[in-house]
Amino acid sequence: MSNIAGTKSSLNWAVQISVVLLVVLWIFPTVGLFVSSFRTADQISSTGWWKALFPTEQSETLRAADPDDFAVQLDDGTWAVTGNLYEEGAQASISSWGTSSRDISAYVPGDIADLGDGETITMNETGDYVWTSVEQPSGRGQRVFVTATNPPEFTLENYDTVLGEGVIQSILIYAAAAAVVAVVVGFATKSVGLSNFKMAAYLSGIVVFLVLSLVYGLGTGQGGGQASDNMAKAFFNTLTVTIPATIIPITVAAFAAYALAWMDFPGRALLIAAIVGLLVVPLQLALIPLLRLHLQIGIGKGYLGVWLAHTGFGMPLAIYLLRNYMAGLPRDIIENARVDGATEYQIFTRIILPLSFPALASFAIFQFLWTWNDLLVALVFLIDSSGQTTVMTRQIVELLGTRGGNWEILATAAFVSISVPLIVFFAMQKYLVRGLLAGSVK
Amino acid sequence: MKMKYYAGAAALALIAGSANAAGHLIFADGEGDFNWDSLAAFAEAHDYSGQSVTISGPWMSPEADYFNNMIAYFEEATGADVSYVGSDSFEQQIVIDVEAGSAPNVAVFPQPGLAAVLASQGALTPLGDDARQWVMDNYAAGQSWIDLGTYDNAGNGDDFFGFFFNVNVKSLVWYVPENFEDAGYEVPTSMEELKALTDQIVADGGTPWCIGLGSGAATGWPATDWVEDLMLRTQPADVYDAWTTNDLAFNSPEVIGAMEEFGWFAKNDAYVAGGAGAVASTDFRDSPKGMFDTPPACYMHRQASFIPAFFPEGTEVGEDADFFYFPSYADKDLGNPVLGGGTLLAVTDDSDATQGFMEFLQTPFAQEVMMAQGGFLTPHLGVNNDNYASDALASQGAILQGATTFRFDGSDLMPGAVGAGSFWTGMVDFVGGASAEDVATSIQESWDAIK
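Protein chains in written order, with our numbering: chain A, 33 to 474; chain B, -6 to 444.
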């Protein structure tokens, strides 16, 4: 982008560096959360996520195989247990090891440790061990402490817990296939000269994803059925809450904003002031009285109640934002329309609404994000003790467990729940930027 | 279009999952050592077809699943429809629901304080004399459980409201037996021995204790358990009772003495992993993991019976980790006191089926099904202890059943502003370096302020 004079400012590089720094600073915690979502609880509590990306030297406590099952009697009458300390596929390189918690690096690979009572154990760098005993060994496998360099290790287990077994893999594979098809279709339709080739590409991608999901299903369907069932139900419930709770306030607020911006009636300024005043009222104040009202008039706890509550709580901001935007539209257009004999309703639907689209869209994004992430209003107005209604935020809190120590689930759930708002945001971001300025610049 | 895309994806997941959702009972009829007769007798006597019972409480996964598995037997036996919903903000939500009139039939309270408040507002239904007598006859130290469940009702005297179900023992010290073996340490049987062992470990170059007080907004509570346990070990139980009601001032020498006992462990850099400065900032959920570090960061961890949930994955209690009773002083003749906590159920919206459900919880079968799934202890004397999911739980259960002096977590009995406020923050100040006298005096002032 060039400035007005057409020459680049000499401080341009400083601006760009500071922008990059700000962006890095801003996304730093998110990256940490993202990396953590692929780590196990034990990994998270033992090392920081920034160490997860590189091979690290770590000390671990491992155990030889159970002698009751794996001990073999050799020709000379002694017993031996052989095997590898690590699970299959792990590529650790052991630098030192020990058999007592008092001295965990007493030996290097190749040394033979005397365990007493005629037992010895030895191991090489990759964790292959030989544990010998004069008598038949019994009890638990020998505990050994190893200090080894481990390659970075990541897991999809957390996503399996949150979404259900194998769901994340399926979604990623289908999405990749859909993207490839979309790109191909996009190029093909563009080359034959179809004007809305973008739409064709999107449509084909969505169709491919749906067909793949329908034919092959989501997930392997083993073990994770329960979790994915609950999460899918919560997902639907959240959409059932969110979509009407976004559309209703916008519809109502658009009418109100037009009236407050362009229709003259006594007390208009006072009404606007009252609405601006309502912006600062915390919604927590209204929870109990509103719920009591809902119960008295027979709405009870349910979707209707939560829609009304979200509508009410979102309305002051919606009216304020839309009124300021509409008040900034050129007076001439509206007066011309009036002169030409248009009714107020016609002016509103034919002129104001199309012109206000950026403001409407930006408020829709705000309201969608807020209702999507909401837990408080849903807990009070929707979730009753029947257990039939739940939302994703509630489901995530549930996954955290009674004492809430499951950080790995928290990180993963954050990314699962953020995915829909992210898509909404990227699909509508050009309106968001435009709409953010609504009312601020006239 | 986008919505349809997601709806489709989610619909598939829903269809895929629903196949597994069909209700089934966790233990087949006649299986195991359960008291099936008590279930059959209960089923014979009660029929609530078409009725429903709603329950809300603080239990979430995995305790909620255990509870739901037990509920399934009640549904099977009576035909009632029971649903349980857990919430991490249960204590706020039940207040909102009671205020607004949308309370569930049964509420599970994590501690008596809130139940007492709701009882005094008339929101709870008394359980009646039969239930009181049942607890008296069937629970070890029955009178203490009755006292803990009896509150002032909305005007005329006291009633029995709260039925304790799922109790935990707090007087436990966890350790790794193999680490003790490596170093040649023995499990101490008296407080004197425990202190000697602490010094011994330091002399050998190790760190004896892992103590973590961090718990988000509740930071400090693990220290209140320490002080309560030490209070019971340095003073008779009636002094403890006087302390919880503030008949004994918080800044009296008895309480300050117990706090300084705790300070002996927690305020010495050599005794605590990470040094005394790390005590307040270490999360209580991460703290026990120090015992399993390579090399071990500490040898012992004092915490309630629930803590194995936060041991590293794959840790087997009884093999990889074990516990011993937090010992009492050999030279003080105070017996072996047990500190514990527990959840209680109270009726917030009465109905026939609700009363039936409360009766069902009194059957040995209901308690045994919970015991067999883990994370559950009961003082019920009529259950078969073989049903405990592990030997470790069975011996904790035996501690409960054999308790001569059982005392409830004192901070839960104090008013919320103290027991869930100034006592917590005071203990954080205390481990941070403030003197016991100053901390105790400021806690007493906060108590005076709400009188």
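Treat the hints loosely; a few may be bogus.
To be verified - Restraint ranges, calculated between C-beta atoms of paired labels, are given here: (1) A:Phe186 / B:Ala235: 53 to 59 angstroms; (2) B:Phe20 / A:Val166: 40 to 46 angstroms; (3) A:Gly80 / B:Glu185: 54 to 60 angstroms; (4) B:Ala235 / A:Leu57: 51 to 57 angstroms; (5) B:Ala235 / A:Phe86: 57 to 63 angstroms; (6) A:Gly80 / B:Glu69: 32 to 38 angstroms.
Said to hold, decoys possible - Chain B stretches covered by chain A per the calculated footprint, using a threshold of three residues with CB under 8 angstroms from any CB of chain A: (7) 90 to 104; (8) 148 to 162; (9) 171 to 177; (10) 283 to 290; (11) 301 to 310; (12) 397 to 407.
Stated by the list, open to error - When the alpha-carbon atoms are kept at most 25 angstroms apart in a straight line, the in silico DMTMM-like pairs for lysine to aspartate or glutamate are as follows: (13) B:Lys325 / B:Asp422; (14) A:Lys83 / B:Asp286; (15) B:Lys188 / B:Glu174; (16) A:Lys83 / B:Asp315; (17) A:Lys83 / B:Glu306; (18) B:Lys188 / B:Glu171; (19) B:Lys325 / B:Glu179; (20) A:Lys83 / B:Asp279; (21) B:Lys260 / B:Glu306; (22) B:Lys325 / B:Glu171; (23) B:Lys188 / B:Asp315; (24) B:Lys444 / B:Glu171.
Quick caveat, the hints were computed from the structure, so don't treat them as lab data. Cβ coordinates follow ideal geometry from the N, Cα and C atoms, glycine included.
Exercise for review: Would you check the hint for lysine 188 (chain B) and glutamate 174 (chain B), treating anything up to 25 angstroms between C-alpha atoms as holding?
Suggested key: holds (18 angstroms)
Review point. Does lysine 444 (chain B) pair with glutamate 171 (chain B) here, judged by a C-alpha cut-off of 25 angstroms?
Key: Distance ~51 angstroms between lysine 444 (chain B) and glutamate 171 (chain B) Cα, so the pair is violated.
Point to revise | Range hint compliance [Cβ, alanine 235 (chain B) to leucine 57 (chain A), 51 to 57 angstroms] | key: holds (55 angstroms)
Point to revise | Range hint 57 to 63 angstroms (beta carbons of alanine 235 (chain B) and phenylalanine 86 (chain A)) holds or violated | key: holds (58 angstroms)
Check your understanding: With a cut-off of 8 angstroms between beta carbons, are at least three residues of the segment 283 to 290 of chain B near chain A?
Key -> With 5 residues closer than 8 angstroms to chain A, the segment 283 to 290 of chain B meets the three-residue bar; holds.
Exercise for review: Kindly confirm whether 54 to 60 angstroms is satisfied by the beta carbon distance between glycine 80 (chain A) and glutamate 185 (chain B).
Suggested key: violated (41 angstroms)
Review point. Is lysine 188 (chain B) close enough to aspartate 315 (chain B), meaning Cα to Cα at most 25 angstroms?
Key: holds (19 angstroms)
Check your understanding: Do glycine 80 (chain A) and glutamate 69 (chain B) keep their Cβ atoms within the hinted range of 32 to 38 angstroms?
Key -> Hint violated: Cβ distance 49 angstroms, outside 32 to 38 angstroms.
Check your understanding: Within the assertion that chain A covers the segment 301 to 310 of chain B, do at least three residues meet a Cβ-to-Cβ distance smaller than 8 angstroms?
Key -> Held - the segment 301 to 310 of chain B has 4 residues with a Cβ nearer than 8 angstroms to chain A, which meets the minimum of three.
Point to revise | Outcome of range test on Cβ distance (phenylalanine 20 (chain B), valine 166 (chain A); 40 to 46 angstroms) | key: holds (45 angstroms)
Point to revise | Pair hint lysine 325 (chain B) and aspartate 422 (chain B), alpha-carbon separation not exceeding 25 angstroms | key: The given pair, whose Cα atoms are some 29 angstroms apart, is violated under the 25 angstroms limit.
Review point. For the pair supplied as a hint, lysine 83 (chain A) and glutamate 306 (chain B), is the alpha-carbon distance within the 25 angstroms limit?
Key: With Cα atoms ~21 angstroms apart, lysine 83 (chain A) and glutamate 306 (chain B) stay inside 25 angstroms; holds.
The earlier numbered hints that this structure contradicts are 3, 6, 8, 12, 13, 16, 21, 22, 24.
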